[in-house]
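Enquirer: Please take these sequences and the hints and turn them into a complete structure.
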Amino acid sequence: MSTTVTNAGAAAGAGGATSYAMASLYVGDLHPDVTESMLFDKFSSAGPVLSIRVCRDAITRRSLGYAYVNFQQPADAERALDTMNFDPLSGKPIRIMWSQRDPATRRSGNGNIFIKNLDKVIDNKSIYDTFSLFGTILSCKVAIDEEGQSKGYGFVHFEGEDAAQQAIEKVNGMLLAGKKVFVGKFQPRTARLREMGESAKRFTNVFIKNLEDDVDKEKLEKMFSEFGTVTSCAIMNDGEGKPKGFGFVAFEEPEQAEKAVNEMHEKQVEGSEKKLFVCRAQKKSERQQELKRKYEQQKAERMQRYQGVNLYVKNLDDTVEEPKLREVFEKYGTITSCKVMCDENGRSKGFGFVCFEKPEEATKAVTEMNGNMTFTKPLYVALAQRKEDRRAQLASLYMSRLASMRMTNNMPQYTPGTGGYFVNSAMAGRQFATGGQFGGMGQQYMGGQGMGGRGRGPSGPGNGGQRGYAPAGAGVGRGGMVQQMRPPVAGPPTGVAGARGPQTVRGPAPTGGPKPQPMMYNQYAAAAAQAPVQQAPRPTQTGIIVGGQDPLTSGMLAQAAPQASF
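Numbering (the UniProt record's numbering), first residue to last: 1 to 566.
Simulated from the structure, these hints should not be mistaken for lab results. Hints are not guaranteed to be accurate.
What the hints assert, rightly or not - Okay, the calculated beta carbon distance ranges per label pair:
id	residue 1	residue 2	range
1	TYR312	ARG287	25 to 35 Å
2	ASP238	ARG53	47 to 57 Å
3	ASP119	PRO188	24 to 34 Å
None of the values given here were measured: they were computed from a predicted structure. C-beta: ideal position from N, C-alpha, C; glycine also.
Expert: Below, the structure is given as structure tokens:
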């Protein structure tokens with residue numbers, strides 16, 4: 001749920017509703033500590049702000065790094081865009097653009113250009129200042145890595161296609177900060193992947209590794225010249241001029257490069273103990289994507305193979321090693337692998353994994369070993385889960401608990417009826433003397449007779465030396481017996497003076513000592529005040545009638561068991 005800061009003076013008029021879509025700004029590149037109030041303080045100088053929303057994660061409530069600022073008038077939003085764009089906020093420049101409500105406008109690619117080979121010193125503001133000469137810029141961004149350093153490319157989205165074409169014609173091939181940049185039409189990801197797939201079929205540049213140290217440029221060119229005309233050849237060296245063991249060979253025709261890959265890959269050259277690795281030369285980003293795809297595929301296959309047979313075991317003692325862990329679990333079946341996780345110092349982290357050959361063996365081990373006191377602590381044994389699955393499960397559990405807490409808080413509280421209650425003298429004296437709770441009903445101001453005998457009101461001590469506290473409208477007799485709770489009746493009840501309703505109950509004016517402070521009714525007293533008025537039975541000399549029961553005498557109390565209730 002997002003947080004919104006709304007201007008108190010904003011009026012939801014017809015004009016404001018019409019200009020709302022045109023007066024909405026997107027604010028990106030926010031520092032994680034930026035809040036709605038900070039944005040309100042900054043943008044309110046441009047004009048009346050209608051609302052501000054910082055988008056946050058649904059579970060962690062951390063800022064996602066962008067927000068939306070809605071003005072009452074489009075002129076104020078345009079003024080903020082012109083004067084506050086790239087201003088630092090919490091030490092980080094913010095990036096402001098018009099909010100594009102229609103996703104089709106953003107994804108169409110109309111007016112969007114791509115710039116690469118940018119120098120590290122070029123940031124968002126430099127790109128904006130350079131390309132704003134060709135037309136209105138909706139957004140611009142230089143891609144950065146995790147450390148905040150430029151990746152060397154960026155994007156500029158113009159309002160019209162003509163401005164984008166003009167920028168491509170004028171800036172492509174020009175020098176920016178001493179480097180020749182490439183500016184071209186932006187292509188969606190699907191088009192780029194399709195183009196990369198086509199280029200993979202027709203290539204001229206070949207990558208070779210596992211080369212011996214004595215192989216230089218001339219030897220490499222001679223080695224591959226038999227497959228066709230070599231246009232360029234290079235051996236990569238380190239800073240000291242020592243070969244790194246790999247190089248590149250470019251052919252004139254794609255067929256020649258393909259033939260070289262097919263015949264030289266995994267070929268052992270005479271005088272070398274290593275086999276050559278020859279393939280199509282790839283960009284670093286393309287190679288990383290391919291490796292990532294292979295890793296994810298292998299990971300999925302591995303998880304599928306070990307599904308239901310790999311166990312996670314924690315609460316292990318620091319002295320438990322892999323042989324001991326295997327010995328404990330091998331009675332349930334054949335163990336294919338067993339490992340205790342350790343830190344960089346070789347000390348156990350307190351958990352490990354045991355993989356069985358069959359799912360039935362793993363299920364039996366979980367059933368019998370979970371909570372088992374094999375070591376000094378009870379073991380926790382369960383089926384191993386992927387990190388992503390475990391996080392999703394914990395998030396789901398957290399959300400369900402949060403929903404349950406909200407339902408509990410919204411449930412109506414229990415309101416006691418007109419039945420009687422029994423409180424023994426010891427508990428009543430202990431709780432009422434300190435102003436504590438009565439039967440779990442919360443603290444109340446009690447203006448009645450004193451505990452252990454007749455009192456004189458809230459400031460008058462009872463016969464037993466206790467303060468004169470009792471629930472409002474309740475009579476307290478000898479022995480601390482409390483009659484049923486009933487609402488105040490017309491006129492001041494016994495021990496209560498000036499009762500005017502369910503808000504405040506005041507006692508009689510004290511004759512001496514400090515003046516008692518009035519206390520508020522809690523929800524139970526308020527509920528009791530709204531209940532029908534009933535006359536409580538008056539106490540007799542021999543006992544107290546509690547909730548319409550038979551008279552309670554001292555003899556009955558003496559003969560009653562400790563757990564008996566009346």
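Enquirer: Now look at each hint and say whether the structure bears it out.
Expert: Evaluation of the provided hints:
1. The beta-carbon spacing between TYR312 and ARG287, approximately 34 Å, falls within the hinted interval of 25 to 35 Å.
2. A hinted range of 47 to 57 Å for the beta carbons of ASP238 and ARG53 is consistent with their spacing of about 52 Å.
3. The hint said 24 to 34 Å for the Cβ distance between ASP119 and PRO188, and at roughly 27 Å that hint holds.
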